[in-house]
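K.L.:
Kindly generate the complete structure, drawing on both the sequences and the hints.
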Amino acid sequence: MKERVQKFIVDRQLRLRHSFGDVLERTLGESLKSGQQLHRRLQALGLGDAAEALAEAVRHGRSAGGEKIFPSPLLALHWLAEPLVEGERIEGATIVLTDVTREKRQQHQQELGGRMEEVSTFAHKLASRLNNPLAAVLNGIGCLVLEEEPGPEWSRVRAELAELQEQVYAISRVTQALESFSREEGNSGKLVQLEAVLEKAVEVIQLLTAPRGVQISVSAGPVSSLIYANDILLEQCLLHLLRNAVEASPEGGEVIIRCGSSDGMAAVSISDSGAGIAAAEMKRIYEPFYSTKSTDHLGVGLPISYTIAARYKGFLELESVPGSGTTARLLFPVAKNMVKKG
1 MKERVQKFIV DRQLRLRHSF GDVLERTLGE SLKSGQQLHR RLQALGLGDA AEALAEAVRH
61 GRSAGGEKIF PSPLLALHWL AEPLVEGERI EGATIVLTDV TREKRQQHQQ ELGGRMEEVS
121 TFAHKLASRL NNPLAAVLNG IGCLVLEEEP GPEWSRVRAE LAELQEQVYA ISRVTQALES
181 FSREEGNSGK LVQLEAVLEK AVEVIQLLTA PRGVQISVSA GPVSSLIYAN DILLEQCLLH
241 LLRNAVEASP EGGEVIIRCG SSDGMAAVSI SDSGAGIAAA EMKRIYEPFY STKSTDHLGV
301 GLPISYTIAA RYKGFLELES VPGSGTTARL LFPVAKNMVK KG
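Heads up, the sequence shown is in this note's numbering, so the first residue is 1 and it goes up one at a time.
No lab work stands behind these hints, which were simulated from the structure alone.
Heads up, a few of these hints could be off.
To be verified - The following label-pair restraints were derived from C-beta to C-beta distances:
hint: 1; residue 1: Ala210; residue 2: Pro73; range: 29 to 35 Å
hint: 2; residue 1: Ala278; residue 2: Glu52; range: 30 to 36 Å
hint: 3; residue 1: Gln43; residue 2: Arg212; range: 44 to 50 Å
hint: 4; residue 1: His60; residue 2: Gln107; range: 30 to 36 Å
hint: 5; residue 1: Val157; residue 2: Gln193; range: 56 to 62 Å
hint: 6; residue 1: Ala310; residue 2: Gln193; range: 16 to 22 Å
hint: 7; residue 1: Ala278; residue 2: Glu163; range: 34 to 40 Å
hint: 8; residue 1: Gln106; residue 2: Ala162; range: 47 to 53 Å
hint: 9; residue 1: Gly29; residue 2: Gly66; range: 20 to 26 Å
hint: 10; residue 1: Arg243; residue 2: Glu163; range: 24 to 30 Å
Said to hold, decoys possible - Here are the simulated DMTMM-like pairs of lysine to aspartate or glutamate, each with C-alpha atoms no more than 20 Å apart in a straight line:
hint: 11; residue 1: Lys7; residue 2: Glu56
hint: 12; residue 1: Lys313; residue 2: Glu203
hint: 13; residue 1: Lys7; residue 2: Glu82
hint: 14; residue 1: Lys68; residue 2: Glu3
hint: 15; residue 1: Lys313; residue 2: Glu235
hint: 16; residue 1: Lys190; residue 2: Asp231
hint: 17; residue 1: Lys68; residue 2: Asp11
hint: 18; residue 1: Lys190; residue 2: Glu235
hint: 19; residue 1: Lys104; residue 2: Glu317
Don't be surprised by glycine CBs; every beta carbon is placed ideally from N, CA and C.
P.N.:
Spelled out as structure tokens, the structure:
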């Protein structure tokens, strides 16, 4: 397991004297050398509060702690600055950075999972109540449409019945989505090669891309990741994300898929070339039945994908910049990472 703590020691001029650990290099790509102004480097990296706390520790002997969260991709760093005292004189300060991204992911997953569980229970009850009446209405309309009645008004009545039948079918699609979201599949799984399941999902989704000329490119490392999951549910999870990416991309656009690892977990990122998602919409993006697309999209794809990932201790993260597209990132614990590609 990678070390998640890094300690820095600075002198009275805030110049780096010693560093232990590699959190900054691993998370933000920053490699520091002895003698550099740590205060300035922390400010440049977006850790302004930590930089000021470090300065306060040297100037006034004050200790302070805090947290910085970078949302996309998720990175959470906790920091604690303390004065370095020798005798009665402040000779410098220490600051300890701890990568708490994993804990933040788990906290977010628990909060969102609780809300989804409530919605899932409601969805199951609502679908159960609606299914039988809808089936009866559809059956009755179907019988009426098939009947032959004399009179000039019958063709008009039949057309209206057919239109009514289509509207009831639309309601049925909603109940099917409710059932899909609330369905209990259990946690049965096995060791699955992530890239192999992704390959199958890409083959299926390419049927959607052909008419619109959207290109799909896949890049993967030399080692395939084995994870514990249900391969059918995992493929469904990937298909939802791939479909979203394809539909968001313009005609002739591109969907880029990358496989690799992140923070010791197997990772798949799916990036579209669409218009991106506004910040206000991002806050609601995981809500069941909320969609940024046209009204014929039911808005259950992302919640279902999130639920499937969470079932196997995985995470789903979204990163979007308006005008620059959206990236969906799936992360799963690695069961084994020893299957080499031939």
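K.L.:
A separate judgement is required for each hint: does it hold in the structure or not?
P.N.:
Against the structure, the hints:
no., hint, verdict
1, Ala210 to Pro73: 29 to 35 Å, "holds, 31 Å"
2, Ala278 to Glu52: 30 to 36 Å, "holds, 32 Å"
3, Gln43 to Arg212: 44 to 50 Å, "holds, 45 Å"
4, His60 to Gln107: 30 to 36 Å, "holds, 33 Å"
5, Val157 to Gln193: 56 to 62 Å, "holds, 57 Å"
6, Ala310 to Gln193: 16 to 22 Å, "holds, 21 Å"
7, Ala278 to Glu163: 34 to 40 Å, "holds, 35 Å"
8, Gln106 to Ala162: 47 to 53 Å, "holds, 51 Å"
9, Gly29 to Gly66: 20 to 26 Å, "holds, 22 Å"
10, Arg243 to Glu163: 24 to 30 Å, "holds, 29 Å"
11, Lys7 to Glu56, "holds, 17 Å"
12, Lys313 to Glu203, "violated, 26 Å"
13, Lys7 to Glu82, "holds, 11 Å"
14, Lys68 to Glu3, "holds, 18 Å"
15, Lys313 to Glu235, "holds, 16 Å"
16, Lys190 to Asp231, "holds, 8 Å"
17, Lys68 to Asp11, "violated, 24 Å"
18, Lys190 to Glu235, "holds, 14 Å"
19, Lys104 to Glu317, "holds, 12 Å"
This entry does not satisfy hints 12, 17, going by the numbered hints stated previously.
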